[in-house]
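**Student:** Residue numbers (numbering that gives the first Met the number 0), protein chains in the order written: chain F, 0 to 171; chain Z, 0 to 507; chain L, 0 to 736; chain D, 0 to 109; chain C, 0 to 490.
These are computed hints drawn from the structure, not numbers from a lab.
A few of these clues could be false.
To be verified - Below 27 Å or equal to it, Euclidean Cα-Cα: the simulated DSS-like pairs (lysine-lysine) are: (1) L:K26 with Z:K386; (2) L:K709 with D:K24; (3) D:K24 with D:K108; (4) Z:K386 with Z:K457; (5) F:K118 with C:K276; (6) D:K108 with L:K709; (7) C:K276 with C:K486; (8) C:K108 with C:K33; (9) L:K26 with Z:K457; (10) F:K5 with F:K118.
The lines below spell out each chain.
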Amino acid sequence: MEFTLKTFIFYGFALITIASALAVVTVRNIVHAAFALMVTLFGVAGLYVFLQADFLAATQVIVYVGGILVLILFGVMMTSGRLEMRIHIERGQLLLGGGISLALLMLLLTVIANTPIWKNLTDDGTQLAPTTERIGQLILNEKFLLPFEVVSVLLLVALIGAALISRKEVRD
Amino acid sequence: MLLSLMIFVPLLGMIVVLLLPRESEELIKRATLAFTLVPLLLGIYLFISYNNPNLEHLWKANAPWIDAFNINYHIGIDGLSVTLLLLTALLGPICVLASWRNIEKGLKAYMGLFLLLETGMLGFFAALDLFLFFVFFELTLLPMYFLIGVWGGPRREYAAIKFFLYTLFGSVLMLVAMIAVYLNSNVINGVAEGVRTFDIPTLITLAGTTGHALADSTFQMWVFLGFFIGFAVKVPIFPFHTWLPDAHVEAPTAISVILAGVLLKMGTYGIVRINMAMFPEGLAIFTNGVGIVGNSLALLGFINIVYGSFCALAQTDFKKLVAYSSIGHMGFVILGLAAGNSAGINGAILQMFNHGVISAMLFLLVGVLYDRAHHREINGFGGLATKMPVYTGITTLAFMASLGLPGLSGFVGEALSLLGAFQEFELITILSTIGIVVGAAYFLWTLQRVFLGQLNPKYEDLPEINRREILTLVPLGILTIVLGIWPNFALDMFSESVTNLVNVLDAI
Amino acid sequence: MVVPLISIILLAPLAAFTLFAVLGLAKRNFPRQDYLSTFAMLVALGCSLLLIQEVTSDPTPLTVEWLSLGSVNFSMGFYLDSVTVIMLIVVTLVSSLVHIFSIGYMHGDPRYPRFFAFLSLFSFSMLFLVVSDNLLGIYIGWELVGLCSYLLIGFWFEKDTAANACKKAFLTTRVGDVGMFIGMMMLFAKFGTLSLHDGTESGIFTLVEGLSGTGDMVWLSVAGILIFCGAVGKSAQVPLHTWLPDAMEGPTPVSALIHAATMVAAGVYLVARMFPILTPTSSLVIAYVGGITALVAATIAIVRFDIKRVLAYSTISQLGYMMLAIGAGSYVAGLFHLTTHAFFKALLFLGSGSVIHAFHAMHAHHDDAEHPEDTAHEHDDNSLVHEHGAEIPPDQDMRNMGGLRHKMPLTFITMLIATLSISGVPFVFSGFWSKDKILGGVLGRAMEWSSVHHYILFGMALLAAGITAFYMFRLIFMTFFGEPRNQEMHDMAHESPWVMVVPLIVLAALSFPVVNTIWFNKDNFKPPKQPHIHAPQHAYVSPDSKIGDANFGFSLFGVSTAQAAEEDAGPDTAHADDAHHIHHLAHNIAMVLSICVAGLGILLSWLFYHRRRFSAEGVATTFRPVYNLFWNKYYFDEFYDGVLVALTVWKSRLFAKFDLSFIDGIVNGVGKVTRDVLSAFIGFFDNRVVDGFVNRVAEVTWAAGGRIRKIQTGAIQTYLFVVLGGIVLIILIFRLF
Amino acid sequence: MSLQHYLVISSILFSLGIFAVLTRKNAISILMGIELILNSCNLNFVAFSRFVTPAETIVGSEVFRFDGQIIAIFGIVLAAAEAAVFLAIILAIYREFGSIRPDEVDTLKG
Amino acid sequence: MEPLKNIESLAYFSPEILLVVFAAAVIIADLLVKNRESELVAYISLAGLGCSLVAILITNSLINSNEPIPLFFGMIRLDGFAVFFKILLLLATTATILFSLRSEELDVKLKGEYYALLLAVTFGMFLMASSTNLLMIFISLETVSLTSYILAGFLTHSPRSSEAAFKYITYGAVASGTMLFGLSMIFGMAGTGDLSQISLQIASVLESGGVSTLSVLIAITFILAGIGYKIASVPFHMWSPDVYEGAPIPITAFLSVASKAAGFALFLRFFHVGFGKPEILQSIDWGFILAIVSALTMTVGNLAALPQRNVKRLLAYSSIAHGGYLLMGAVLLTPEGLGAIFFYLIVYLFMNLGAFYVVVLIANEAGTEMIDGYRGLATRAPLVAGAMAIFLFSLTGIPPLAGFFGKWVLFYAVIGEGLYWLAFIGLLNSVVSLYYYARIVKAMYFETSEDTNGLSFSTGTFALLSVFAIPTIFIGLLNIFYTFSDKITLQ
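Same shape as in the complex, but just chain F (with noise of 0.2 Å):
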């Protein structure tokens, strides 16, 4: 593979996201976690980019970046009434946590590792054909129509659900 400009920005989101993926596991101070993860997502993002995946690219950075990490940022604020949140860490769970982790990765890795159809499939540059107006067919009128349709119930149930779960109700 030739290092071209294109495999160095690659690397650099890759690097980025990773790098930032730590940051959100390993600071003590969740506002600073909290925005590793927009790093993190937005790393994603450009990923998404890099597998010519435009549409999806765009809707990380919007429900993602734009949604949730504010959800989560609200999250933080309502429940520590300081932005600034220390976390205390256990050392054996760290310990137990970590070796979980790290034995799921090599699990993972050895997946990867052993699955040859999966070996040699690199990216040969072409170019492809903007992806949104073909999702919007396949969602609205073709095979996905129903697992749309579904969502929409989800997303109906969560907003109920939310709204009843965290409101505040008067004890009586």
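Start from chain F and add chains Z, L, D and C according to the hints.
**Tutor:** Leaving out everything else, chains Z, L, D and C in the frame of chain F:
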């Protein structure tokens, strides 16, 4: 039809009794008595009219039940079952009478459960479909659990759950074995063809067919073990016996009677009907007299006899003593069955019936005393013979019958079992006779401590046994004497079936 | 005629008992149970006498299928030969007399009707035993008489001694019975039948012939000895004899009927019945056991003071005698002695009962204060087999008696006759003839075969005969002669009422041989064959023929030792003439010797206890160890105790080890060992080990449940650890496979 | 920039998410971990969609099948819905327990 | 049969549509009805369930025998299997609504939302039972999960309920995230989301060596986390006791029956259709792993239930154990196994719901969920105690109650496959289970309470109780219940 009627009349009775108003206790009792008398009358009728020259099951009913598993409602009787059916039906009204005054709470539920229990027991002895057999076997568990648990003594909860757990454990193994039998019931020479079946007579035939999967001796051994442990818990055979003393001691009188009189017989009946008739090859492995395994069944009988007897000797609780004596006496049944010859099996079956009668008497007698003195501590009595001569007389009769006094029924079964067993297992049988002496020892010793000697001043005013109680005991006492004098009365019923069985066993 | 007669004999007493039992259930009493029972017995007696005429007919007049098991069948039936008839008559006669006697003796007892009902039951059982044609039937009767013995010994069950004695009697005999049962099992396993002689020639007696000379002889010996075990228990042979003296706790008529005349003789009857299967080995064992018993019991009897116990040991001794006779092959002699003994021993017991009754008039009731020391004596209620050395009740203590011959002349005379008979005073008394037959028979065997064993046995028998004479006269002298030792009691004494005296007189009459002869002259009274025992030089048992035709060995005054010798020798063998000669000689020698020892015994007794030429106490002091041995009854009971003590120590340790709370300090009886050590251990085992195992399983299950609960900490991240760790584990585990 | 690159990245993201879920002592941090996990899944789907799924031809122009991408879109939507409900529950927890430390919410156990 | 297109599919999709429509109607009605005590919304929900049932029966009649109809381009499938589960789920939901009507735990002010959510979750479960596409599987699973989280946390004033919801969602999110990762791997290997295609593809790539066995195994295990958590199998069971204990009782009942049934529907379809090919089984014997898992599940469930004092929690563990029993049937891949699961689920529906209903009643009347609160119930409320005893002994598997027959068909199927060890463990477990079920019976029958006042219940209560109790007695005795499953197959 008659047989079905006999089985399900108590169930009908249960429904009727449950619908009666709670307050009208007399009515409930009378209704229950009536509903237990019907099976008794039918039982007597069956017993008298039983005539079986062709060695087939009579009064058969066969209706499809669960097609998916080829399960049929198949009932019928042969000499063995008719005897035990009669025993069950006889103990029914006796137990109702024995419960006449001493059930203080929940009379309706008590009677209802009792009737349900009776249906289970009657059905068990009549079932000719393995699945039906199992269902009836288990059907007795629930009512028994409640009857011990609700109306029992101080440790009734413990006793009830112990009984339940032990038996369930045993039946679990039975279930596995039963499924295995069913699955293999259509395999001949390794090829499965035709439908599978639970039909006991058919299975017995198949198990004797060369090349049939059921006839394979290794298969038979495992299945034999499965069934055997299931029944062994019920008998109970050492070391599965520890539920019995607890259950007996805690259970109310009538329930002890049923427990000793019928439930224990279910185990041995199962051994004869299933283990011996269906798996003679499996049986042969444990009774061929070679090594520990080849003697194991006889050894178990021996252990039961000696162990139960010595345990009985150590008891100071009257009821527990009787309970352990049951263990000892069931040992004779096992020993006789292990012998596998005519005398042994006939003796064992006779002993089953006799023990049912005698132990029922013993428990009734203990109940009579307990109702008066409110304790069962043997050493706490003394000299009762002066106050209660009739009671003493009946007790002596029962004790003598139980310790195997010739002329009373206990002797015949015991003697035949031993005679039969001696032909196969000389040493074990000789050692088993220790049980005879020890049996005499604990009964006589009890007799002395309770009835002989100076009257304990505490019991100056102990009332003599009353008419109702005598009424419960007299039929049993008469049976004890009649069977002691004329055992053919019962033996004629099943000896031909046994001959048949012995021929099968001999062919192995 | 035979079957109805026998049936009546059996059913009459049974009916008397049944009536009592049925009425008892209704809590009523038949008002004249005593007359009813007595009448039933008399009916039975009459029928028995009628049966004499029927002996020649079919020996098995009735056989019914009792248990039909298809391939194996057990039948029940009557077996009628002269032995049966003799036993029937003895039993019914003695029983009738005892019934009559009891009407007087038991008068006023609160459980008077019950006594007669039990007597009837006993009579039935005994008669059933006698007429049975198969071992199973004999066994049934055997156990039933045991039951009656139990009930009657414990008749005054308020007394702890009686309660203990009855239990001891039942248990001790049961030990023997089990041996007998094992023997039966062996025979059944071998022959497939328990019928002795079932008419179709497939009974044991026929089948055993087929064994002749085969390798099964050892086996047959064992079976024979095992059957004999039953007799050892029932007939109180050493070492199971200890129950009989204790059984004297029962009312005296019971002692007379059951423990002297009939039940204890059933053992002898059994051995006689089973004679055909006895091998030389088993015969010898039987003879030795009998001989030892005869000697041991006789020596113990010398030093007893309780009048009933003297008689009890005497009974044991005489039973040993009979066993010895049969074991030595003198089958006829043994049975003959059984008969004569039944009468004179019953007479002795009834006489002693009469004496006790006389003394007893002081006490209003049997049950209160019959044993004033009862309260003082700490009876251990917890012992299974009790007390051998109970205190002597004062009305039975010979040291309280003396000079009664004037007060109770009839009793004295009748008892004297019986004593003369048992002592073997020659010619006019039946006891002499029977005893002489035994001695002659044994000596004859010894001489015929030059058998050391039989010489020893003869010595034992002779010695026992002498001792018997000694202690019997001791009894007579102490009781009826001399000065009253307890004046107060003496003054109270009186002759018994006629219902008690008449039976004494009848029995006394029966102690003369003239009466006995009547039925012993039956033609076909013959010893059975022992055909399998044909070791050439040991063909000591005659087959049929000549002896069969001989009368029983004596006729009135016409002393026919020749005849006796003839019977013993048997005609079939090549050396028949020699044998005749030897036996003839033997009988003569034996007669002389027996007269000598009897005379010596009586003389010594007279010197000691009447003339007081020698002091019994002095002799006792001189031979202290021997005296102690006798006094303590050869320490049999102590031996059982001694074994016990050792075991008790072990028991205590065991208990201490397992930290059990109850320890009984007092050591008493063999049964206690069984109970305390073995059964307690097993009980412990049952509770802790078997149940414990199950409980352990349950506990482990519970604990596992608790563990799993602990994993469920409530902290969500723990759960997540489990989930993700679980995934890793599943994959890894699967990878390993 | 082969498929395996993406897969490795997503694997690392997944493990980090798991790590967060297991070790963070704040319910919201756990939520962040979950988001990381879901992102890694989405990345997987998109990558597979790009490299593995066969092409289909629609009206002349050749495109790749979008199945994976669409799954990822749904994944994002579901993540959003889940996050919303999650946060609502966290608020309820905060209200009831005064803390959102996961190990302090442990009244139900055993 | 070619998959139907979107519009064509609608007719066959009517049951689900009806559910959604009625859910919407419930919300609207809730807005309109001013009287908070009114039970109108509940009846509307019941009507919706009824309509849906009718629709199910109609659609069922449209299915030719053994010819499933793929709908929406193969996203879901209408077949006998789905219909069976839909009916089962409808019954469970109906029961839950009836319980909820009688439960005093629930906040009356939130009725509308509550019933709407119940309908929505039923909708999700319908989809779980019929999904044949990875995406639909995941979405339906998430729909059910999310709604369940909300329902579990529905008692906003109860810390227990909130805690339950929190644990549930944390656990569920991780599990479903893990599952999604596994799904993505499967997607990557097969290149398609359609289950039957996946089956073919995986088989061929496995054969050609395109993927290693290990990779597929890991992917399957990841997916198992998501499905296993729904059916609460070890080691994915840990949420369930806490959630069951914290959630409102009707919801607990619902989760223990409906959620589990839907989980099994998903499980069966996913594994049997996607990975049931002999070629795949040859290289990856997942059946064996799951057999071990099922043994562990029932053992853990039963053992942990032993020391419980809270009846709800006890029943939670018991339902874990029952999940284990069901799992035995699921790993068999035989028609007998499948039939056994169907039969057992029916039985389980009645006995478990019945037991929970009694818990509701006692919680209402005696105000406690602890075993001690059941003391003396036999005298205070004999009929209720009797019914409870029937349910509990049926759960144990004592003849002649239906639970026994359920176990019978299960163990029969297991032994039929030669898995004696599994059957043996399962049966031992049912012995152990007797102990804790009997503890409740013991409290009810053998013990007495200080409070001896009788508890009074309405006739409706008894009617509802008998609706559960009578089938619990009779289902096993009737031939008909053994035969219906013959027609249901999974292709």
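**Student:** Against the structure shown, which of the earlier numbered hints fail to hold, in ascending order?
**Tutor:** none
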